[in-house]
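*Asks:* Sequences are here, hints too, so could you generate the full structure?
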Amino acid sequence: KAGVTQTPRYLIKTRGQQVTLSCSPISGHRSVSWYQQTPGQGLQFLFEYFSETQRNKGNFPGRFSGRQFSNSRSEMNVSTLELGDSALYLCASSLYFSSEETQYFGPGTRLLVL
Amino acid sequence: ILNVEQSPQSLHVQEGDSTNFTCSFPSSNFYALHWYRWETAKSPEALFVMTLNGDEKKKGRISATLNTKEGYSYLYIKGSQPEDSATYLCAFWAGTASKLTFGTGTRLQVTL
Chain H
25 KAGVTQTPRY LIKTRGQQVT LSCSPISGHR SVSWYQQTPG QGLQFLFEYF
75 SETQRNKGNF PGRFSGRQFS NSRSEMNVST LELGDSALYL CASSLYFSSE
125 ETQYFGPGTR LLVL
Chain W
106 ILNVEQSPQS LHVQEGDSTN FTCSFPSSNF YALHWYRWET AKSPEALFVM
156 TLNGDEKKKG RISATLNTKE GYSYLYIKGS QPEDSATYLC AFWAGTASKL
206 TFGTGTRLQV TL
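If you read the sequences in order, they're chains H and W. The opening residue of the first sequence carries number 25 in our numbering; numbering runs sequentially from there. The opening residue of the second sequence carries number 106 in our numbering; numbering runs sequentially from there.
A portion of the hints provided could be inaccurate.
Said to hold, decoys possible - As a list, the in silico BS3-like pairs of lysine-lysine whose alpha-carbon atoms are at most 30 Å apart:
{"hint": "1", "chain 1": "H", "residue 1": "Lys-81", "chain 2": "W", "residue 2": "Lys-174"}
{"hint": "2", "chain 1": "W", "residue 1": "Lys-164", "chain 2": "W", "residue 2": "Lys-183"}
{"hint": "3", "chain 1": "W", "residue 1": "Lys-183", "chain 2": "W", "residue 2": "Lys-163"}
{"hint": "4", "chain 1": "W", "residue 1": "Lys-162", "chain 2": "W", "residue 2": "Lys-147"}
{"hint": "5", "chain 1": "H", "residue 1": "Lys-37", "chain 2": "W", "residue 2": "Lys-147"}
{"hint": "6", "chain 1": "W", "residue 1": "Lys-162", "chain 2": "W", "residue 2": "Lys-174"}
{"hint": "7", "chain 1": "W", "residue 1": "Lys-163", "chain 2": "W", "residue 2": "Lys-174"}
{"hint": "8", "chain 1": "H", "residue 1": "Lys-81", "chain 2": "W", "residue 2": "Lys-147"}
{"hint": "9", "chain 1": "W", "residue 1": "Lys-147", "chain 2": "W", "residue 2": "Lys-183"}
As the list claims (entries may be wrong) - Listing some non-contacts, in silico: residues in chain H with all C-beta distances to chain W over 12 Å:
{"hint": "10", "residue": "Leu-35"}
{"hint": "11", "residue": "Ile-36"}
{"hint": "12", "residue": "Arg-39"}
{"hint": "13", "residue": "Thr-44"}
{"hint": "14", "residue": "Ser-51"}
{"hint": "15", "residue": "Gly-52"}
{"hint": "16", "residue": "Arg-54"}
{"hint": "17", "residue": "Gly-86"}
{"hint": "18", "residue": "Arg-87"}
{"hint": "19", "residue": "Phe-88"}
{"hint": "20", "residue": "Arg-91"}
{"hint": "21", "residue": "Ser-94"}
{"hint": "22", "residue": "Glu-99"}
{"hint": "23", "residue": "Thr-104"}
{"hint": "24", "residue": "Leu-138"}
Note that these hints are calculated values from the structure, not bench results. Being a predicted model, the structure only gives us computed values, none of them experimental. Ideal Cβ placement from N, Cα and C applies to all residues, glycine included.
*Replies:* And the structure:
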């Protein structure tokens, strides 16, 4: 069974640009969640999608948005990039995103904003 | 804001040593506690999902205990090996939050 994949793996952007990251979950998983990791911080929850609907959102500005497609693939978009958006962005998939479910993580996309 | 704390921040042990780390979390509204291992340049990998007070899990040389009344979990590694070198993350699921809140991790380095 193929794991969670994320593209691209590395990205360099400049301030003010926008970026779109992609996540393909494990086949059959309907939930995709997104996390941001910056140095010294734990993984910060961005949002979670299930069956194309955002069910939960973390404490991030509106510049961070996402969507999920009918095949469960998800994209995350950051508009008007700031230097502080430089981070590793991870997505994770599971069947339903419940408390007792293991989350399966992708390898991440490392974003550098110059 | 939920606070999940892990200690120590980093640890350096010799091959064969046994070691343990702590994860502290709010003791109210507990639903689950997750442990992940994150090796450099790889994806975080699930170790355990713990749900009941007094729950204990074991996978090979790694085991974990849970105390939901006092809000902590211990992760033990018996006879550490160099391949155990990784960052170990815990994540708390509170019923009200419906999401995982991660600690900052314990970075373990095992040398020969």
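*Asks:* Minimum C-beta separation from H:Thr-44 to chain W exceeding 12 Å: can you confirm that?
*Replies:* 21 Å, holds
*Asks:* Given the proposed pairing of W:Lys-164 with W:Lys-183, does the C-alpha separation stay at or below 30 Å?
*Replies:* Holds. W:Lys-164 to W:Lys-183 sits at ~11 Å (cutoff 30 Å).
*Asks:* Would the hint linking W:Lys-162 and W:Lys-147 be met if the CA-CA limit is 30 Å?
*Replies:* 24 Å, holds
*Asks:* Confirm or reject: H:Arg-39 is not an interface residue toward chain W, with every Cβ-Cβ distance exceeding 12 Å.
*Replies:* Non-interface label on H:Arg-39 holds, nearest chain W Cβ at 27 Å vs cutoff 12 Å.
*Asks:* Does the no-contact call for H:Arg-54 survive, Cβ to all of chain W over 12 Å?
*Replies:* H:Arg-54 clear of chain W: closest Cβ-Cβ about 16 Å, beyond 12 Å.
*Asks:* If I take the minimum Cβ distance from H:Thr-104 to any residue of chain W, is it greater than 12 Å?
*Replies:* Per Cβ check, H:Thr-104 is outside 12 Å of chain W; nearest 25 Å; holds.
*Asks:* For H:Phe-88, which was marked as not at the interface, is the minimum beta-carbon distance to chain W over 12 Å?
*Replies:* For H:Phe-88, whose nearest Cβ neighbour in chain W is about 15 Å away, the distance exceeds 12 Å, so it holds.
*Asks:* Minimum C-beta separation from H:Leu-138 to chain W exceeding 12 Å: can you confirm that?
*Replies:* 23 Å, holds
*Asks:* Would the non-interface assignment of H:Ser-94 survive a Cβ cutoff of 12 Å against chain W?
*Replies:* 23 Å, holds
*Asks:* Report holds if the minimum CB distance from H:Glu-99 to chain W is greater than 12 Å, and violated otherwise.
*Replies:* For H:Glu-99, whose nearest Cβ neighbour in chain W is about 19 Å away, the distance exceeds 12 Å, so it holds.
*Asks:* Can you confirm whether the C-alpha distance between W:Lys-147 and W:Lys-183 stays at or below 30 Å?
*Replies:* Given pair W:Lys-147, W:Lys-183 holds - Cα atoms ~23 Å apart, limit 30 Å.
*Asks:* Please verify that the nearest CB of chain W lies beyond 12 Å from H:Gly-52's CB.
*Replies:* H:Gly-52 clear of chain W: closest Cβ-Cβ about 17 Å, beyond 12 Å.
Violated hints are absent here; each numbered hint is respected by the structure.
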